Amino acid sequence: MQSITLVEAARRAALQEMRRDPSVWVLGEDVARGGLFGQYRGFLEEFGDQRVVSTPISESVIMGAGLGAALVGTRPIIEMRIFDFVMCAMDELVNQIAKVRYMFGGQAKPAVVIRMPHGIWRNSAAQHSQMLESWFTHIPGLVVAVPSSPADTAGLLVTAIRSDDPVLFFDPKNLFPLTGPVAEVIEPIPFGQARRLREGGDLTLVTWSAIVPQVEEAAALLAARGIAADVLDLRTLWPWDEAAVAASLRRTGRLLVVHEAVTTGGFGAEVVARMVELLGPGGLKAVGRLGQPRVPVPFAPPLEDALKVDTAKIVAAAEALMRR
Amino acid sequence: MTRIGDNRARLLALYTTMCRIRAFEETALAAHKAGEIPGPLHVSIGQEAVAAGICGNLRRDDRITSNHRGHGHALAKGAGVAGMMEELFGRAGGHCRGKGGSMHIADFSVGMLGANGVVAGGIPIAVGAAQGLKLMGSDAIVACFFGDGAINRGPFLEGLNWAALYRLPVLFVCEDNGVAAFTATASVTAGPGVAARAEALGVPTVSVDGNDAAAVDEAAARLVAEVRAGTGPRLLHATTYRITGHTSTDPAAWRDPAAVEAARAAEPILRLRARLLSEGVAGSTLDIIQGDALAEMAAARSSALAAPWPDPAVAWEDVQDIGAVAGEA
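Chains as they are written, first to last, in this note's numbering: chain U, 1 to 324; chain E, 1 to 329.
In short, the hints are calculated from the structure, not lab data.
Computed from a predicted model, the values in this text were never measured in an experiment.
Ideal Cβ positions, reconstructed from N, Cα and C, are used throughout, including at glycine.
It is possible that some hints are incorrect.
As the list claims (entries may be wrong) - Part of the chain E face toward chain U, derived, beta carbon under 10 Å: (1) G39; (2) P40; (3) K99; (4) G100; (5) S109; (6) G121; (7) N161; (8) W254; (9) L286; (10) I288; (11) Q290.
Stated by the list, open to error - Derived Cβ-Cβ restraints for the label pairs, each shown as a range: (12) E/F182 x U/R20: 48 to 54 Å; (13) E/A229 x U/D30: 29 to 35 Å; (14) E/T183 x U/D30: 56 to 62 Å; (15) U/A220 x E/A326: 50 to 56 Å; (16) E/A313 x U/G226: 51 to 57 Å; (17) E/A229 x U/Q50: 14 to 20 Å; (18) U/G42 x E/A326: 41 to 47 Å.
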């Protein structure tokens, strides 16, 4: 199995699916030039400008046109360039895409994938660094994918493209250079199945997306200090693998959710709440969440570093949890 | 050259469609007043000529997108009356299984891609549907209905630019009834208006008296042919008048009663009737058409009232495939 970067894995997954199914096409700013991150490099040459459509900076219509094209039977990949720009297309996403199947009594299936590279990346400041994935888990009709490895990105993207549901695909842009093994033929990975990164009996670390490598690093440091963490990468947030988290907690009794997003109202809150519902208030010895404080992402490197989650903060939070 | 007999048949078809739309909405209003229809109802009484004139020139496989005032568009495109009335009543047999109501009527089987609760919400969808049809090699086109209020929303600019840029088969139809909800559109709109804005974006525009069904029909025939020929989008600006209030419960009391009376006199069904009479069609023929429409809608009302409500289990269906939540027993 070849080792390739995460962005190349994403490129190959979309390439494979566009070769497989002529109704799949991609639209978004600069996609005919390969996309901002090279995730569509070579697509124009292979598929032509009818299936690889560079668009104006018109997020409402990028999103809405993707929906309209799905309603007549095509399967668009809607590229948002950077996650934060989706805010310019919220009506099309939340009022239209998420609702059409339901409002129209099942007549419509909005088979779109919305790709949104998100997260902190090279001191890009407050409008190019957000992690608002939890917002979208709140909206019926939407599916939310938050991969962290090349293989997961590829396999989950294949599932997303083949699905009739609207899938929000949060590309972890800070991890685009990360390398890992990816099969030549990319098989779909089912949504709602967590991946265990490390097995341990002392505490459960639940995480996803761009922060995953640092959680793994922290878990290794914790192991050296005699704390065995059970590490789960959720990979998708709707649906999400409640059963895997609950099973782990039945062994460890301690839960720390780590995400790059702001802690308040982050998806960690949902994870904790569901575990309390499933295991009972007495079922957990200690519970914690670690995320960004409720502050916008600042520009200057020392400011950004001061606020963002990192390996040291994860280790400290886990150790504090063990003392409770 | 159209012969007089053909033309008369065309006008009679328009008249029939318009009478059916009027009868549907008057029946629905009465049912709403009687408490048979829940929720808000936005009717298009006085605007029927636009829906009839446009949709009469479309094929079944052409698509339309509509707005919150969309009963006429749906009916004119061929949506089934029983399914529409039941949808308004929230019954199981509605086109949307009772999940959409008046504001979200859709009938994909006749190319009606949905009414929309958000002003200008249908514009990006229409543009994308046209792009998808073009991608698939179809020569079907999309007619996109919106009101004058929509031209002050961003998707109008984005959508027209996009359609012109990619030469997409879209006929934009601005039904200009002069009022955006409760506010005169002219009082909140800068510049010379929709036609100038569309022309500035490279979308050729025709303006027409939207209460003159024959004029709408003629303009639509030409524009639909141009759009279908692959020459890019067109916009039809049809001036009309919303005789009723914004919703079923809005008396629109702020309007000048004299203007409303004048509009009633200039309303499109009376005008078309006068024209047909002048062309020698018997008044009794027109009365039969009108009577049939009223009878059809009255029957639809009775059927809808007697029709079963949706099973509560249906509320859990049609959300999504992946991650659908299970219904409570």
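Outcome of the hint check:
1. G39: Not OK, violated: E/G39 not within 10 Å of chain U, min 13 Å.
2. P40: Hint on E/P40: violated, closest Cβ of chain U at ~15 Å, above 10 Å.
3. K99: holds, 5 Å
4. G100: OK, holds: E/G100 within 10 Å of chain U, min 5 Å.
5. S109: holds, 8 Å
6. G121: Check passed: Cβ of E/G121 comes within 6 Å of chain U, closer than 10 Å.
7. N161: Result: holds, 6 Å to nearest chain U Cβ.
8. W254: violated, 28 Å
9. L286: violated, 36 Å
10. I288: violated, 35 Å
11. Q290: violated, 32 Å
12. E/F182 x U/R20: 48 to 54 Å: holds, 52 Å
13. E/A229 x U/D30: 29 to 35 Å: For U/D30 against E/A229, whose Cβ atoms are near 31 Å apart, the range 29 to 35 Å holds.
14. E/T183 x U/D30: 56 to 62 Å: Roughly 39 Å apart at Cβ, these two residues miss the hinted range, so it is violated.
15. U/A220 x E/A326: 50 to 56 Å: violated, 39 Å
16. E/A313 x U/G226: 51 to 57 Å: Given a distance of about 53 Å, which is inside 51 to 57 Å, the answer is holds.
17. E/A229 x U/Q50: 14 to 20 Å: holds, 19 Å
18. U/G42 x E/A326: 41 to 47 Å: Hint holds: Cβ distance 43 Å, inside 41 to 47 Å.
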